[in-house]
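Take the sequences, apply the hints, and build the full model.
There are 2 protein chains.
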Amino acid sequence: MNVTAISPLAPKGGFPDLPVIDGVAFATVEAGVRYSGRSDVMLAQLCAGTSIAGVFTKSATRAAPVLDCQAKLGAANDGGAAIIVNSGNANAFTGKGGIEAVDAVTKAVAKVLDLPQNRVFSSSTGVIGEPLAFERITAKLLELQGSLSPTRIKDAAAAIMTTDTFSKGAAAQVETGDGVVNIAGIAKGSGMIAPDMATMLVYIFTDAKIEQALLQDMLATLTDKTFNCITVDSDTSTSDTLLLAATGKSGIEITAPTGAFCDALHGVMRDLAHQVVKDGEGATKFVEVQVTGADTDADAHKIGMSIANSPLVKTAVAGEDPNWGRVVMAVGKSGAKADRDLLSIRFGDVVVADKGWVSPDYDEARAAKHMKGDELLIAVDLGIGAGAATVWTCDLTHGYIEINADYRS
Amino acid sequence: MNVTAISPLAPKGGFPDLPVIDGVAFATVEAGVRYSGRSDVMLAQLCAGTSIAGVFTKSATRAAPVLDCQAKLGAANDGGAAIIVNSGNANAFTGKGGIEAVDAVTKAVAKVLDLPQNRVFSSSTGVIGEPLAFERITAKLLELQGSLSPTRIKDAAAAIMTTDTFSKGAAAQVETGDGVVNIAGIAKGSGMIAPDMATMLVYIFTDAKIEQALLQDMLATLTDKTFNCITVDSDTSTSDTLLLAATGKSGIEITAPTGAFCDALHGVMRDLAHQVVKDGEGATKFVEVQVTGADTDADAHKIGMSIANSPLVKTAVAGEDPNWGRVVMAVGKSGAKADRDLLSIRFGDVVVADKGWVSPDYDEARAAKHMKGDELLIAVDLGIGAGAATVWTCDLTHGYIEINADYRS
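Going down the list, the sequences are from chains D and F. Residue 1026 is where the first sequence starts when you use this note's numbering, and the numbers rise one by one after that. Residue 1026 is where the second sequence starts when you use this note's numbering, and the numbers rise one by one after that.
Identical copies look the same in the list; a pair holds intra-copy or inter-copy alike.
Straight-line alpha carbon distances no greater than 25 angstroms define the calculated SDA-like cross-link-like pairs of lysine to any residue that follow:
hint, residue 1, residue 2
1, K1362, F1081
2, K1083, D1128
3, K1380, A1158
4, K1121, R1059
5, K1327, E1400
6, K1327, S1259
7, K1132, D1366
8, K1097, K1362
9, K1327, V1376
10, K1121, V1383
11, K1136, R1161
12, K1097, D1364
13, K1097, G1381
14, K1136, E1055
15, K1083, A1413
16, K1097, D1139
17, K1274, A1238
18, K1121, D1364
19, K1121, W1382
20, K1121, L1367
21, K1097, L1167
22, K1083, K1380
23, K1083, G1381
These aren't lab readings, by the way, just hints derived from the structure by calculation. For clarity, every value in this text was computed on a predicted model and none was experimentally measured.
Below, the structure written as structure tokens:
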């Protein structure tokens, strides 16, 4: 297998046309942090008045840039802001030097763009445990500043890739009643960069005007329904970062945590989350796991993730085997409330098990046919309550082993 | 890959010579439950006065035989007892019919051996979701009874295999001061039987005399240090069963939950647990994960299992890559208390990371050499407390994918 081949699950149309978000400009550069022959640093400049919200990995061994971003959230939003991201080196597990590198980069960006340093957010993704050659980034800041453009978001999506097999973008236009607002986002996902784990980085921009506390609230709520509902291999990066910036340049203010804007933002986040799964290492199938009838939503989520993370379920999907026994096993081990004799399972629209027993109508040939598709549904009803959740995952294939075992640092 | 090839980690000497345990007799038979051309039912008859303890899967979707065993533990021990096990069909997720099958088998054994039914324990392992053809088992009971022999434990170990690549046994002799007692145990492990998950079944016998409550206490304590510290792929069977029977025939009574007997039992259980890991699906490396310096023992166990279950760590091991970044990641995601800047990591005796940073003495060539061995050590010190735990796992290889994805039902 060629580990740089584009995922078979990549969107057929390639990178989407993303709208310009008024108040944001992008630049990218080849800084040679680790890679050569490709851009590896992206800078996003945000206009004065931009609100920024963020969510981050919950890892106890978070990387220095993550800790720095968390500390800066909620800083006064009357000045401008910036986001600087490098690929090739994650600046994780780099001790005191890692903190100094973040300080050096964000200080230099602040100086070049005339911003307070506490409004400069940074992310790093790539190898961990190696010092970040931050001077390669700071040496390029004037060049980056000189090429800032509102139309370069596609380049930004490419610069943050590690071994992602395709660059990821999504957008929405929202008719609010007061006028149109735009949302555009980019992400990097579960491509592996030897010798380290995949990292998810997501940056979403809107020209809506939204107060920071509300923006943070929206982001946290929608993350729980999108990025916190995906899994490739159950492993968690030390660098996962999601930043959402609202420039306010449309002049249209969003004041409620529900409604058309929120729905559109939800859609953009779900789209990006799905693209991350679709670029999962070695993925050949995209799987939606729908759990209903659980005791609580939290139980439903726990069961969904137990199914989505089960190596035996994931290898069954890879083998196109409608192996409902493994789904029962994953429900059982989840720790959530379950009653074997109330459990029902569907693959696509084929009822496999009904109330704890093989359905009398079970048609294995139809179930097997569903498993041959690119996009599969595993639906589980616990039959004990109203708790529900949907999560997404991919299959576990030889490609995953090749990328992570055979591809040596 | 030939999925029936013997694991490269199998004990070099083959199945060990197990001592006869006075008070236990074994028989096996070809009942054709699912397999043909091999024995698939084993019967163990236990003398009057035998105490029986048990631990079981914590799955919420436990199979019918497990629920039946749990209900019978602690029954009066003045009569004899029996254990009957079939391979080929797990009698799991089989609805009401599953309960009836357990009742039919244990009732028939009770009749043939003249025992109370509540002293007949059964296990089943194999496909799930298919009715157990229990009449094929009951039809063979007289034949089984006729061939009961104290020396047939090796045959019993073979009869309970599914797609295990080797049969598993371990034994110990203990000098108690009052005289010698014997312990002998058999197990089946993480061999896969399409289309289902692996199941662990373990039966241990001793001629020591031990009151049931103490026996149960010992078994639970030692299980937490052995079988609850192993993982192949984080998936949990609906049928895992471990029974420990003390016949009392040596006339030597054990009255304390510590001492030479307990140590020897611990050794037998650890040996069998290691053999289960060494027969993990596709395993080519046996990995001991030692965690020290954690806040609590429970945290240390959580961190150890997070490392041992991490697909990224397990593929790094498969690739012989001393990828300590993935170990940091697994510590971080475990949910246990950790401080990145106090963390130290060793591969074998090679210090890789020290206090949150690559060790100045790190010798990657020596670490890489350690990774080439069959049996590896990953040692993590959290540097924050006295909590410690050791767990064992195997690598994640193409063999695992082949067995579980390519090998179709």
